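Novice: Read off the chains here:
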Amino acid sequence: MFDVIVVGGGVIGATILRELTKYRLKVAMVEKESDVAMGQSRANSGIVHAGYDAKEGTLKAKFNLLGNLMMPAYTQELGVKYINNGSIVVAYSPDEIDTLYELKSRGEKNGVEGLEVIDTETLRALEPNISPDACGALLAKTGGIVCPYELTIASIGNAMDNGASLYTDYEVCEIVKGVDYFIVKSIDGRELSTKIIINSAGIGSGDISKMAGDDTVHISGRKGEYILLDRESQGYCTHTIFKTPTSKGKGILISPTVDGNILLGPTAQEVDVPDTDTTSTGLDYVKQTADSMCVRVPHYNTITSFAGVRAYSDTHDFVISHSDKVEGLINVAGIESPGLTSAPAIAKYVVEELVSALLPLVENTDFDGRRQSDHYYSKLDNDSKNKIIAQDPRYGKIICRCEQITEGEIVSVIRRNPRATTIDAVKRRLRAGMGRCQGGFCQPQVAQILARELGIPLEEVTKSGKNSRLIVGKTK
Amino acid sequence: MKNYDIIIIGGGPAGLAAAISAYDNGSRDILILEREPVLGGILNQCIHNGFGLTRFKESLTGPEYAYRFVEEVRSRGIEYMCDTTVLEVSTDKQVTAINSTKGVFSLSAKAIILAMGCRERSRGALNIAGARPAGIYSAGTAQKYVNILGQMPGKRVVILGSGDIGLIMARRMTLEGAKVLAVCEIMPHSSGLKRNIVQCLDDYGIPLYLSHTIVKIEGKDRVSGVYIAQVDEKRRPIEGTEKYFECDTVLFSVGLIPENELSKGAGVSLSPATKGPIVYDDRETSVSGIFACGNVLHVHDLVDFVSEEAEIAGVSASNYAMGKGADRRVVSTTCGNNVSYVLPQMLDTNASGMVKLYFRVNKVLPNPTIRLTSNGEDIVVKKKKIAVPGEMESIVLTPAKLQSISGDVVVSVEE
Ligand SMILES: Cc1cc2nc3c(=O)[nH]c(=O)nc-3n(C[C@H](O)[C@H](O)[C@H](O)COP(=O)(O)OP(=O)(O)OC[C@H]3O[C@@H](n4cnc5c(N)ncnc54)[C@H](O)[C@@H]3O)c2cc1C
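Which chain is which? The protein sequence lines are A and B, in order.
Counting from 1 along the first sequence, just add 1 to a position and that's the residue number in our numbering.
Counting from 1 along the second sequence, just add 110 to a position and that's the residue number in our numbering.
Restricting the straight-line Cα-Cα distance to at most 20 angstroms, the calculated cross-link-like pairs of lysine to aspartate or glutamate (EDC-like) are:
hint: 1; chain 1: B; residue 1: Lys220; chain 2: B; residue 2: Asp139
hint: 2; chain 1: A; residue 1: Lys249; chain 2: A; residue 2: Glu97
hint: 3; chain 1: A; residue 1: Lys142; chain 2: A; residue 2: Glu117
hint: 4; chain 1: A; residue 1: Lys467; chain 2: B; residue 2: Asp331
hint: 5; chain 1: A; residue 1: Lys388; chain 2: B; residue 2: Asp193
hint: 6; chain 1: B; residue 1: Lys212; chain 2: A; residue 2: Asp382
If you are wondering where the hints come from, they were derived from the structure by calculation, not from laboratory data.
Every value quoted in this text rests on a predicted model; they were computed, and no experiment measured them.
The whole structure should be built from the sequences, with the hints applied where relevant.
Specialist: The structure is reproduced here in structure tokens:
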């Protein structure tokens, strides 16, 4: 019997799971995919929002600000890349300037510091590639960027190092409510029992709540498509550039990523089925909008495109509460943007305020919140690398040439928490295959290392779990 | 730090031929660095034949062609280090590399030859809409699975791009029992060699759809199908022309790009047209003492020409290392009508030997006239039966012709 089961391995479940391990509790996470960070927390903008967007008094406004303030220390402890690059909201016509002042005053009411409306000259000095139409901007100095899946993976890895269990390929299909416990069943017939369920299943959180007996959570999907540019474009812009929101929507953003790429997107398209296919209309819209915001957008450096689906609640605010209908069920649902930013603050609140109301919390004095970055090796100086290579020669063998990732690093992410068991899982942890050749050279080698380390035949190695096998059999 | 006369980066056909010619020119202190466990480069996975027709007048497989050069390297006792990846080359000709036995280490050289080859453009670069399931490979990756690992990447295949590797893989997959449903090419002409179209597609009844592209890939875990459509002159899909193919695999053969990371790091100037270094006719780059040859310089369609070019670079690097500097009188070469690039980009009109200019046309041109002019004066005029983008063209300039060049050279091809 677990004390708490967290359903859903996105950034929300991840930060909650880690927060739970600070106490003497028996906790587990169940995730339907083969790896964590496969939902919204994989494909989003990665922006640590300053907090001027959400309306005063909403949960979004509250947790955005708190999360923004926590993020630098939180990411540092987990060895996750975070950059305080600052955001700017650009007015592209004089009548949009008023909106900038509205955003500024809303932000200030929310408690955001460092907001400043700047003139065109200052803007151009900050971002030389901004379109000549720009006529002013709101600068939010506390805006930042973070890698969303890295944050998710590191939080879960650290929680596991502190005693949490992880069940992947565990798609919850039924929840049986006992007197003071639940049985959480998966489609492949596994069962786990727990006193408390934390529902952080993203797009699936309406269904999970319903399975547990509460049908008041209603979640819909809104797709966002992106284009990612090669690191060759690094320096094209340094701030996260937004358009001024209008009645027609927020437009897209142009932002550096923590890895030095440039990200363009997202679109906003209501979807019934939450697939993450990109569309030619969506990608064209991203390109055209980017071209209206900045000049000389280096589209020729495109290395990939992708999409994510925002899971939003019909209340249009975060749902973070005990279920009114089912005792022991805590819903953390409808966590759309700024959910990534808010995650550390939401987690703290959920555990300290909501879980504590159901179970006594006793501090886990063994808790160690630090985690070595999956990228630590590449940051070492040559002497330190050579000491490691002398111990383990695999650290001297480059597998991914674009990102210069060694076999030793790949083996290490297959072995450490949370274990990488697929090509994409290795890629999310190390960027192996994420460079300009997009895995063309290294994928067969990564597949062979996975097969060897997992003790499975090469045919069983998958790109991303389930039926995503790379090969269909031997040659004649 | 150990010092060499010449360090060659890459042990593929270019690096091997460069090493041999440098040795035969009198250099002895030569080192080849190769990241793979064996020499030979990409030829090792090209088990089909057709290599060496120009050079050896016989049809060899890729590994056989490579082996001839590996043997020559061995018999001369030229030093090489495999399983070693070069991480950085500096402008002052220091090389930083890594391997399992030495760790990270540095070497220096009097001359360096860049021979790292090229890589395939990926699907992402084309920004094709749809899902991103398993079953999408570049043709070269599929070739590695089939020819090196003995594994089949799929059973029902659609290929985008008619580059040579794509054509070769269409035949290879068919021979291994897969069904290749279509090869789509966005241009109105193939980018591959004519002989490959005939021998790899026509002979197996595989349809080639010119002026077509993939507009959408479907599939949840694994590819389940693709939509292709015809494109207009601006290469935009034409609505209503979509065709659906049920398949489990999509191969991309949409072009090769020189591996530029090390070249850039060394401060070498690159050409936007070839995407490789800008070179003189002796294959020296903009950085003194750094030379380049093979596919890292521009993408060749036949390895025979790679070897030929590498020999030029090898001799030049050897002369450089021996302190025999060239006293050049330089003009630049530029593209005229219908020409997409000319190489070398800089020509020494004082050169004492023959100089061959390579170039490509940007469309199919029947009965073309090739014209090399300088200051409006014809230097060479040559007629041909046909010129196609998939096959590199060349003009040879004798020392006498070179001397007669008075200014920058323009290569054009008229219909
Ligand atoms: C396009 C886009 C852009 C965004 N940009 C930003 C931004 O810039 N800044 C920001 O702060 N926020 C941003 N967000 C919001 C942020 O991504 C989300 O708030 C955050 O990722 C939500 O995390 P989550 O854990 O709630 O959901 P998810 O990451 O979706 O995790 C839910 C998990 O539950 C699993 N699951 C579902 N059903 C079941 C089941 N039955 N059994 C087991 N497991 C199940 C899913 O597989 C998934 O892994 C953006 C979102 C999107 C989509």
